[in-house]
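Following the hints, complete the assembly by docking chains S, Z and Y onto the known chain X.
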Amino acid sequence: MTVETPTRFSPLAAWQDPLAQLPTGVQVRELPCLTQLTLRVEPGSTAAKAVEAALDITLPGPVSAEMSGDVKALWMGPDECLLVAPDGPADDLIGRLRAAIGDEFATVTDVSAQRTTLALSGHLVRTVLAQGCAVDLDPRVTPVGSCLNTLLAQAPVTLVVRGEAASSVWLLVRSSFASYLATWLVDACTEYRDGDG
Amino acid sequence: MTNPFRARGHGHIDRDTTLTFTFDGRPYAGHPGDTLASALLANGVHHVAGSSKYARPRGVLAAGVEEPNALVQIEAPFPEPMLTATTVELYDGLVARGLSGQGRLSGEPDPARYDTMHAHCDLLVVGAGPAGLAATLAAARSGVRVILVHELPQPGGSLLGSQELLDGRPATEWVGAVVAELDTCPDVRVLRRTTAFGHYDDGLVLALEKRTDHLGAAAPAHVSRQRVWRIRAKQVVYATGAYERPVAFDDNDRPGIMLAGAARTYLNRFGVLPGRQAVVFTTNDSAYPAVLELADAGVRVAAVIDARDDVPAHWRTACDERGIDIRAGHVVTGTSGVEHVSRAHVAPFGQGRLGDRQGIDCDLLLVSGGWNPAVALFSQARGSLRYDAAIGAFVPAQDLDAVRTAGSATGTFTLAGCLADGADAARRALSALGTTGPTIALPATSPQPDAAPTRVLWRVPSPRDGQDGAHQFVDLQRDALVSDVLRATGAGLRSVEHVKRYTTIGTAHDQGRTSGVMTSGIVAEALGVDVADLGTMRLRPPAVPVAFAAFAGRNRGELFDPVRVTALHPWHVEHGALFENVGQWKRPWYYPKADETMEEAVLRECRAARTGVAMMDGSTLGKIDVQGPDAGVLLDRLYTNMMSTLKVGRIRYGVMCGVDGMALDDGTVIRVAEQEFLLTTTTGNAAKVLEWMEEWLQTEWPDLRVHLTSVTEHWVTIPLVGPRSRDVLALVAPGLDVDNDAFPFMSWRAADVAGIPARVCRISFSGELAYEINVPAWHGITVWKALFEAGSPFGITPYGTETMHVLRAEKAYPIIGQDTDGTITPQDLGMSWVVSKKKPDFIGKRSFSRRENRRDDRKQLVGLLPADEQLLLPEGAQIIATSDIPAPPVPMLGHVTSSYRSDALRRTFALALVRSGTQRIGDTLYVPLDGRTIPVTVTDPVLFDKEGTRRDG
Amino acid sequence: MQLITCPWCGQREEIEFHYGGQAHIAYPEDPYALDDEQWAQYVFFRDNPKGPFAERWVHAAGCRRWFNALRDTVTHEFLAVHDIRAQHPLTTGTAPAAHQRKGQEVS
Amino acid sequence: MHPYDNAQATPGDVLPDHPDFLWRNPDPKPSYDVVIVGGGGHGLATAYYLAKNHGITDIAVLEKGWLAGGNMARNTTIIRSNYLWDESSGIYEHSLKLWETLEEDLDYPILFSQRGVLNLAHSLQDVRDSKRRVYANQLNGIDAEWLEPEEVAEVCPIVNTSPDVRHPVLGATYQPRAGIAKHDYVAWGFARRADAYGIDLIQDCEVIGIDVQDGRVTGVCTTRGRIAAGKVALAGAGHSSVLAAMVGLRLPLQSHPLQALVSELLEPVHPTVVMSNAVHVYVSQAHKGELVMGAGIDSYNGYGQRGSFHILERQMAAALELFPVFARAHMLRTWAGIVDVTPDASPIVGLTPVENLYLNCGWGTGGFKATPGVGWAYAHTVATGEPHPYNAPFSLDRFTTGALVDEHGAAAVAH
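Residue numbers (the numbering used here), protein chains in the order written: chain X, 1 to 197; chain S, 198 to 1150; chain Z, 1151 to 1257; chain Y, 1258 to 1672.
If you are wondering where the hints come from, they were derived from the structure by calculation, not from laboratory data. Keep in mind that the hints are not guaranteed to be accurate.
Partner residues aside, some chain S positions facing chain Y, computed with beta carbon under 7 Å [unchecked claim]: (1) Asp307; (2) Ser692; (3) Met734; (4) Pro738; (5) Asp758; (6) Gly1019.
Simulated restraints on C-beta separations [to be verified]: (7) Leu1229(Z) / Asp1038(S): 34 to 40 Å; (8) Asp91(X) / Pro1202(Z): 49 to 55 Å; (9) Pro1525(Y) / Arg294(S): 16 to 22 Å; (10) Asp1149(S) / Asp91(X): 28 to 34 Å; (11) Pro43(X) / Trp1030(S): 39 to 45 Å; (12) Glu1187(Z) / Arg583(S): 46 to 52 Å; (13) Pro43(X) / Ala729(S): 55 to 61 Å; (14) Pro1202(Z) / Thr1480(Y): 21 to 27 Å; (15) Gly1160(Z) / Lys790(S): 53 to 59 Å; (16) Gly145(X) / Pro1525(Y): 54 to 60 Å; (17) Phe1278(Y) / Glu1187(Z): 21 to 27 Å.
For every residue, glycine included, the Cβ atom is placed at its ideal position computed from N, Cα and C.
Chain X with its partners taken away, still in its complex shape (with noise of 0.2 Å):
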C-alpha cells in the first residue's frame, strides 16, 4: 500500500492566514520546502574551490549570503555554508556536491527539513525585528548581503537582508521553533494593526 501523491507538510502550512493579515508594514511569506545542505568546507581548499565551480558560485564570507543565483550560499560558521535550493530533490545536489568534492576532506548534509524560511518585507520589518533582536539591523552595519546567525525572541534564526529599500529579510527557523516564531511576529505586529501599518 502507497500513498500515491504524498502530501507535504511546511511547519507553518497552519499560518497562511494568520500571516497573511499581518499589517502592510509587515508581509510575512513561508518560503516552504526548500532544498536546504549544510556544507562544510574550508575555505580556499582545493574542495571549496571545486564547489564553488560545480555551482558557479563564490561561497560567502563570514556574516554574508550569496544570494544571486538558484543555489544560495548562507554563511553559518568558519567552514560552514547552508546551501538553499528551490524545492526539488536534495539528493541530486548532494551528488553533484560529493562528485566535486571527491576525496578531498568536506560533507554535505541533507538538513532540507531542519529549518523552514520566512521572507519578510515591510517598512516596519526592521521595527518588528528590533523587539526581539539584538543586532543593530541599521543599513550602514548590516547591510544587503549580510547573514547572521543570532537570537530572535529566544528562538535561533538565520537572518539574511535581501534588500534595503523595502526591508526585506530571509528569516530562517528550526521547523520546531517555527510556530512560536510565527505567534511571536504575529503579536509584535498588534501595535501596527490600527492603520499604522
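Frame of chain X, contents of chains S, Z and Y only:
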C-alpha cells in the same frame, strides 16, 4: 472646579482642557501638563500622605523623581502601588490615594501590554535640559547616530522650571528650535517620557518609556503601556542634572516645606503657587531666583534666611526692590504647624551656636541646602566620584572612555556653563568615536553675576534636643532622624553602608537622593572625619523604580519560553493527546479515550505494544550527523564502547560519560556510510551533547577530520512497536524485505515507506519487535497517517511518553536523568557490557579507577517488586533495610527511580538505585511510606522477557 | 549584559554565548600516568583569578565556534579574543569542564 | 512572649531597633591565637562559636571592607534544610536547629520567621526529584512534605497553579520550619556577641598575604600590617580562591555573580517563600513588605559584584508566570554578590595541606542558611584541628576520591 493656587501667565499646561481626578476620595480638577503633585498643589492640597513609621502628615518636597514624601497608590484605571505624585502625569479619571508605608497590588490580571525594543547609536544623551540639548545638537550636526532620552513629556529639563532667557527670548523657544532641528535629522531619535534606569556592561543602557500612562483609561489596548529600551551606545553623555538637598532642622517634615527649586518648577512649569506666604531658607545662591520669581508671581516672601554671613549684593538688591527681608547668618531651627507648616523659627547661627529665636508665619517654607549632581547612572557605569567640598556634594571624578557627564551632573550649575559643558561633552564623545562635528553656536544667556560660595550645612542644631536631632528628619520616606544616625555612630558604626542599614536611610523609593549625602555629612561630623574619606552610599540600579511587567515585556504566557513541537503535533492535538513538557518540547504523554483515566490509557497503550502494534512520535530525539574520515575515531573517544567497528547498515547502542565517569547521555548510533554516522541523543540533552562533542572536537582534537551537524528537526522519527509491527511495515513498505534474516535486529535499511524515501531502523526500546521509521519532517504526517491506516486492522495504537517509559522499564532500559542523577556510572546501571575494555582511553574512563568508583557498595540499578502486587511505589521513595523505621537519621540504601503498573507483568514494579544492589537480589527491603514500611523484593532489573525472545517477533 | 566579540561574527550579546571556563587546560596526554590527585586537578580544579583570565567561550547561537578570550573578571572587559585554530593549534586545546550547566537548549 | 519574637510576624511590621551598642573598632594587635579571614556571616559565627563552645577568645576577624558587607548583605535570606543528601541535610538541619534558638542565643531580634518554603516542581522529572528529596528528608528527621498543586495554592494563594501555563506547577516540596531572617540583624547579632567576648573585629583590613613556615601557617599580612596567628581560618566566600592562592593552594571553585533585588513595600500578599528552579526565581516578602527575589547565577566568572541584565529580565518574566499579581510591583534596587561554586554544588569545610590553615568556602548560593551551622562546625574544626562530623564529608579531598556530594543533579534546587 477651579484651581485656587494657579498663577496666571505661568506654566506649560493646557488650561483649555480640564481633567478631573480623585484623590483620597475627593474630586479635583487639573490640566494636561500637570503631574498629580502639581494638580494637588494647585488645589491647595499639601497633605498627601502619612509617614510610614510615625504617621506624621507629609506633603510634597520635590518636583521630580527625588520626591521622598508624596507617595501615592493609583487605584484607577488600574491599581499600581507606590508612585511618586511628582512623576505621575495627570489624566482624566485618575483615582489615587496617599500612601503611608505599603502599596497595594491588584488581585486582577494587568490587562496592559509591555514590550522591549533594541536600539543602537553612536551617542546616547540622557537628559534634555540645557546640557543634554546642547550635546545632542552638537552630535546631531556631526551626522552620527544619536538617541536622546528624557523623562518629561516635553524637552527642556530644568529650563521648563525657570524663567531663564536664551538669546533674549524665553529659553523654551530655544528648546523648541533645537527639537525642531533634531526632528529633521534622520539619525536622531528623541524618546520623551523615557527614563534611563540602568547602565550595564559595554554601553548597554536600559530606559523605560511610559507610552500610554498619561492617557489613563483612554490608553489604546494594542499599544504597549511601557517599553524597555535596550540601547547599545558607543558613547554616553549623562546630562541628568542635579537634585537639590534639604537641610535638617527640627520638624523639617511638615507639609508646606519644599525644596526651593521645586517651588520654582511648580510656578514655571505648572503655573502653581505652592503657597501664599513663604519663608526661604538657603545656604547658597540657587534659591534666589526662586525667591524673585515667586515674589513676582504674587507669593509674599516673608524672609530669606541665608545661612551665609555674606549675601551677594545683587541678590540683596533684587530682594530689597521687592521688599523682601534677608537675614544673613541665620538658619531655620524648627517649624510649627498642625497639618501644614504655619511658622518657621529662625535664629542667628554663628560659631556653632544659635542666637535668639524668632517665629515667622508662613504657609510655605522653602529650603535649599545645595545641589547633588545626579550621578546614579554614571556610578552604575563604574564612574568614580570625588567629594567637592565647595558644593558639599559628590561629583564625577573624571570621564570614562565611553561615559561622560555634562551640565549640573558634573557640578556645573550656571546655565551658560551647562550649555557649554553639554557641547563640550559631545565634542569629546565625537572625538572618542573618531569623528568631529561643527562647532555649534550656543545661545547667549543673561548676564550672570559671579556665584557666591555655598555654605555646606547638613543640619542645624536643635534648640529642643541640642545635638540629639530627635526631631530632625534625614530620610523622610523611612522616617529616619538625625538621632538615628547618631545612635548608629554611637553603636560603633563607621561605614555609611552600616549606617544605612542601621537607620534604613536610603533604602526607600528615592534611594536617598535627598538624604544620602546629608547622612554622610552628619556621620562625618559625628566621627570627626572628612566626608571625602567616608564616601557616600552606593546607588544601585534601577535608578528609578520599574514595574516587573515592564522587565518581562512580551515574554509572558505562551511567549515566556519557546514551545517546540514536532511535525506530527497537529495530529496529536486532534487525537486528544495530553502533553508532557520535556525541556521546551511538547511531547504526547498519553492519548486517553473518552472517560479513560491515565492509568487505564497507559495500560491499554502498553497492551497494544506488547500484543499487537503501537506507534509513537519519537521526533524529539536529538539527531546528530557525524561525517568525515575520522568520524569513527571521534565516536570512539566519546562513547564508552567501540563505534568505529560498526558496519555500514548496522546500529549500536552507546553511552557517553563526562570526564568524571558519570553517565551523560545515551542513544543509538547508526552507520550510514563508511564516513557517516547518525547518532541519537535523549530529547532533553540534544543541545548539550552536540555542544559537548563540538567542544572536544574543536578545542581538543581539531586535527580530526569530522563534521557534526544537527539534523534533529530534519527527521520525523516514528517507532512502530509490537508483534504485529512487521506486518504493518510490510504493508506500507512493500519494497522492503522485512524478514528477520534479511533485516535483522540493530540494522537499518533505506526503503520507501508509504512512497516516501525513509530510513528504517530495527531497534527496540521496549524489547518488542520494533522498527523506527525516519522520514524528512515534511512527510512526517503523511507517513504517520499511512502507518496508522495500515495498522488499523491490527488495532494500531498511538502511545505517549508514559507508555514508552513503562515498556522500557520492564526491560530495565534506563532513562538518563531519571534512573541516573549525575552520580551514576554505566557500570552502576549494570551496563559494563557497554564499557569497552579494549579501547586505551575514552572520556570518563580514567575516573572509573578512582577510589569511590572502585567501592563494591556503590548504588546499582535493580528491580523492585512490592509484596503487594497492586501497590505502586512512588517514584523517589527511599529504601531501607529494616521493616521498622528507626529514629532519624534513618540509614537509606537508595531510592525508587521509576515505578509503574505493568500490564505485561500484571502487577506493579519499580527500578531503583540501591547500595550494593546486585548483591541484594532476592533480598527483601523496605520502602517507608506514610509511616509504615512496604516490603519489596530486590530483583534483577530486567523483569520482562529476560531472554529477549520477543525482539525478533 | 556583555557585548562579546566573536572572532567570526563580530560583536554579539552575551546571551548568544556559552561560557567554557578556563582556557588552555589540555586533556592529559596519558591520563593513566596521573595519580588520582593529579587527575582530580584536571577534572575539577580551575584557576579563579580576580583580574585578567584566559577563558573559553562558544558562540552557541551563532557560528557555534569555540574561541579563547582574555577577560578581566572584575571589570568584565574583554582584553582579547582569538580563534582557537589560528592562535592555538593542536597542543593548546582545552578541555570541557566536568559539569555543564543545566538548560533548555536547541539541537 | 518575647517582644522580639517575630516568628509569626506577617509582612508589614516595623523593623525592631538595633541595640545602642554593637562593637568596638579596635586596632589590630600584633598577634592572635586565631585569625579569621573574612568578616561575613560565616567568619563572625565562627568567631562566636569559637568563644562560646571552645573558650577561645584571642581572635581577630579581619574584614577587607565593612563587616558583613559581602554576600551576607546581598543574599535573599532563605533558610531551609531540605537538601537531598544525608551529608547536606545533616549540616543544614543542624543549622536550622540553631536558627530556631538563635534569637535568644544572640539576644538580637533577627526576625527569624518560619513561614515555610515551597520548592515548586514544573516537570515530571522535577516531581520525581522533589519527592525523592522529601522522602529522604523525612527519614533524616526533616519536616518535608510533598504538596499537590491545590495544596500549593492553599499555602500560597497567589501562585498561579493553573494547568494552562507554559510550565505548570505540578506540585511542590514544602518545609514548614524553613523561612527567612533579617540578614544584617543576624550578622550584627553574631558580631556584637563576638565583640563582647573580646574578639577583635577589624574592618578595612584586607589580607594580602599568608605566611607559612615549614608547612605551618604563622600569620597574615594585611593592609594594616602583619598579624601573627596560631591558626588561620579562611572564610572569604567569593574571594576564597584569591586567598588560597596566597599559599599556592588551588581550589575547585569558580566565583560567579549572583543577582538579587527588592521591590517597594507592599501590603502582605505572599505568606511564604517560593522557589522555582525550573523557571529560575525565588521570592519571599520580607518583614516590612518588600518582595525579595533572587535569580539564576550569571554563567561567567566575575568579581565585580554585578551581573548581566538578561538574568534579571528573565527573572521578572518568570516571576510573573508564577505570580501574575506582581505585574505592577516595582523593582526598587538590584545588586549582586560573588558566589564561589564547587563542581558538586556542596561546600568545602575543613583542613588544608597547610598546617593550622583551615578552609570554609564553596557555599555557592547556600551560605546564608548555613551560617550558624557552619560557624559551629568550623569552630570545632579550628579549635580541635579535626573536622566535626557535620563537615567531615565536605573535605577538599573528596574531589580526589570521587566521594562528591552532588547537590545539583538530584536535588535540582539551588539556593
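For each hint, the structure was consulted:
{"no.": "1", "hint": "Asp307", "verdict": "holds (4 Å)"}
{"no.": "2", "hint": "Ser692", "verdict": "holds (4 Å)"}
{"no.": "3", "hint": "Met734", "verdict": "violated (11 Å)"}
{"no.": "4", "hint": "Pro738", "verdict": "holds (5 Å)"}
{"no.": "5", "hint": "Asp758", "verdict": "holds (5 Å)"}
{"no.": "6", "hint": "Gly1019", "verdict": "holds (3 Å)"}
{"no.": "7", "hint": "Leu1229(Z) / Asp1038(S): 34 to 40 Å", "verdict": "holds (35 Å)"}
{"no.": "8", "hint": "Asp91(X) / Pro1202(Z): 49 to 55 Å", "verdict": "holds (52 Å)"}
{"no.": "9", "hint": "Pro1525(Y) / Arg294(S): 16 to 22 Å", "verdict": "holds (18 Å)"}
{"no.": "10", "hint": "Asp1149(S) / Asp91(X): 28 to 34 Å", "verdict": "holds (32 Å)"}
{"no.": "11", "hint": "Pro43(X) / Trp1030(S): 39 to 45 Å", "verdict": "holds (44 Å)"}
{"no.": "12", "hint": "Glu1187(Z) / Arg583(S): 46 to 52 Å", "verdict": "holds (50 Å)"}
{"no.": "13", "hint": "Pro43(X) / Ala729(S): 55 to 61 Å", "verdict": "holds (59 Å)"}
{"no.": "14", "hint": "Pro1202(Z) / Thr1480(Y): 21 to 27 Å", "verdict": "holds (22 Å)"}
{"no.": "15", "hint": "Gly1160(Z) / Lys790(S): 53 to 59 Å", "verdict": "holds (55 Å)"}
{"no.": "16", "hint": "Gly145(X) / Pro1525(Y): 54 to 60 Å", "verdict": "holds (58 Å)"}
{"no.": "17", "hint": "Phe1278(Y) / Glu1187(Z): 21 to 27 Å", "verdict": "violated (49 Å)"}
Against the hints set out earlier in the document, violations occur for numbers 3 and 17.
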